[in-house]
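Assemble the whole structure, with the sequences as input and the hints as a guide.
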Amino acid sequence: MKKNLIERGKKLIYWYSKEKPLYLLPFIFFSLFIWILVANATYKFLNLKKKEKKKKVIAFTSLYYNGNAKAVYEYMRKDKNYMCYWIARNRRSFLDVKRGGGYVVYCYFPFVEAKHILNTDAVVTNDSFLPILFPHKPKTIQLWHGVGPKGIEGDDYTLCDARCVSSRYTKRRHIELWNAPPEKLYVTGFARMDFLYNYLKIPKEKLLEEIKIKNNRKIILYAPTFDIGLWPWGNPYKEFEKLCKWCEENKLTLILRLHPLAKINKRRLKKLIKKYDGVYWLDMPKEPDTMKLLAVADILITDWSSIYTDYFLTKRPIIYLEVEPEYYTKKRGKPEIPPEYRAGEIVHNNEEFYKVLNIVLEEGNRHKEKQEELLKIIHGNVDGKASKRVAKVIEELLHRA
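In the numbering used here, the protein residues as written are 83 to 483.
Simulated from the structure, these hints should not be mistaken for lab results.
Wrong hints could be hidden among the right ones.
Result set (BS3-like, lysine-lysine): computed pairs, CA atoms no more than 27 Å apart in a straight line [to be verified]:
(1) Lys324 <-> Lys352
(2) Lys374 <-> Lys450
(3) Lys180 <-> Lys294
(4) Lys283 <-> Lys413
(5) Lys283 <-> Lys296
(6) Lys253 <-> Lys413
(7) Lys452 <-> Lys294
Pair ranges (Cβ atoms, derived) [to be verified]:
(8) Lys458 <-> Lys327: 36 to 42 Å
(9) Lys458 <-> Pro263: 23 to 29 Å
(10) Phe127 <-> Phe308: 52 to 58 Å
(11) Lys452 <-> Lys353: 39 to 45 Å
(12) Lys180 <-> Ile214: 22 to 28 Å
(13) Lys327 <-> Asp161: 48 to 54 Å
(14) Ile110 <-> Asn440: 47 to 53 Å
(15) Glu451 <-> Lys300: 19 to 25 Å
(16) Ile214 <-> Tyr436: 45 to 51 Å
(17) Glu291 <-> Leu128: 47 to 53 Å
(18) Glu434 <-> Asn122: 56 to 62 Å
(19) Lys162 <-> Glu478: 15 to 21 Å
(20) Asp237 <-> Ala123: 42 to 48 Å
Beta carbons are placed, not taken as given, at the ideal position from N, Cα and C, and that holds for glycine.
Below is the structure:
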């Protein structure tokens, strides 16, 4: 237990350091410590547990304003029966919600919106439930942020009242691999897929304008997982620059989308990318909406990232960089999606990569049928209504309370 708390503390500090300077950490700890004291005292003094409310209050959160939590938040905030608000963990998310006219609480200084937090009936998240903010125990709904082939240790299902999964197949995997309680698993589909489903109906030019990409060339999206870093083979910076040059020579646009946990030299990478007009570095702080990037990309290059399962909906080519399969499928834990479900072109070195990239540009998607088959297995019927199904789960839990 003690070891687990230490690990969670380390992870919290790491995530904080990705967004804000470490010298502010003592002030943040002090702020949250005062909040815990004030929130607990206020909740007990006002006897909020027994007070009836006109509207149920629902909190939504994620590392950035994106993903499944955002999709459900934007769907439910239109319902006058609920008071929905977002808990922002960084400045970008705070401003995004404000611009959209939504209610938002800053995670590290929650006093301003204390009324919402102390009256929260449910917390909906892509990852953490942020229990430190709540003196009571609201209902908890876990949506998670990816369904893919990377091994995981499983989940602590005691932390949530409901876990929404992408399909009947993934529900079965949770039960078989991690002994998940079936009554807590709800097959809703991934709500963020509603965004991609709708983006694919919008003219590409409009989406390009929104993400500020200036040309109409074919677009390659390179989105590796965090363990890989920048590039898996050879010197990562030299090899990535080789790809930048190759794209420029072949009149292609390249978008780099790194995982928030990727360990890279940001200054060096920024300097490298500045040399090329057709290369865009669009990480989450710059463009939180991954679905928008998937919608405009003509080719996806990835490795063991779960991003490919979402990209199946586009019916476009995928190239997988095959790196350390033993590590991803065994040492890390059991994968929710088996590695053989990576339909597309799998390459093992730089030479194979460029050979296959040329083939894909000439022939298009050679694995379209298999990808369509796997999309149904992994994501079920993608119909643009997953957010509505998640909302029903939340409503059911709240009425049960």
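Against the structure, the hints:
A hinted pair counts as satisfied when its Cα atoms are at most 27 Å apart, and Lys324 with Lys352 qualifies at roughly 15 Å. Our distance criterion of 27 Å between C-alpha atoms is met by Lys374 and Lys450, whose separation comes to about 21 Å. Note on Lys180 and Lys294: the hinted pairing holds, with a Cα-Cα distance of about 21 Å set against a maximum of 27 Å. Between the alpha carbons of Lys283 and Lys413 the distance comes to roughly 40 Å, so the proposed pair goes past 27 Å and is violated.
For a cut-off of 27 Å, the pair hint linking Lys283 to Lys296 stands: about 20 Å separates their Cα positions. At roughly 23 Å between alpha-carbon atoms, Lys253 and Lys413 fall within 27 Å of each other, so this suggested pair holds. The straight-line distance between the Cα atoms of Lys452 and Lys294 is roughly 33 Å, outside the 27 Å bound, and the hint therefore fails. The given range of 36 to 42 Å is respected by Lys458 and Lys327, whose C-beta atoms sit roughly 39 Å from each other.
The hint said 23 to 29 Å for the Cβ distance between Lys458 and Pro263, and at roughly 26 Å that hint holds. Distance hint check: the CB atoms of Phe127 and Phe308 are about 44 Å apart, inconsistent with the given range 52 to 58 Å. Lys452 and Lys353 have their C-beta atoms about 40 Å apart, which keeps the hinted 39 to 45 Å range intact. Take Lys180 and Ile214: their Cβ atoms lie about 23 Å apart, and the range 22 to 28 Å holds.
Taken as a hint, the range 48 to 54 Å holds for the pair Lys327 and Asp161, whose Cβ atoms sit roughly 51 Å apart. At roughly 50 Å, the beta-carbon separation of Ile110 and Asn440 lies within the given 47 to 53 Å, and the hint holds. The hinted range of 19 to 25 Å is satisfied by Glu451 and Lys300, whose Cβ atoms lie roughly 22 Å apart. Between Ile214 and Tyr436 the beta carbons are some 49 Å apart, a value that agrees with the proposed interval 45 to 51 Å.
Under the hint 47 to 53 Å, the C-beta atoms of Glu291 and Leu128, about 49 Å apart, fit the expected range. In this structure the hint that Glu434 and Asn122 lie 56 to 62 Å apart at CB holds, the actual value being about 59 Å. The hinted range of 15 to 21 Å is satisfied by Lys162 and Glu478, whose Cβ atoms lie roughly 19 Å apart. Taking the beta carbon of each, Asp237 and Ala123 are about 33 Å apart, not inside 42 to 48 Å as hinted.
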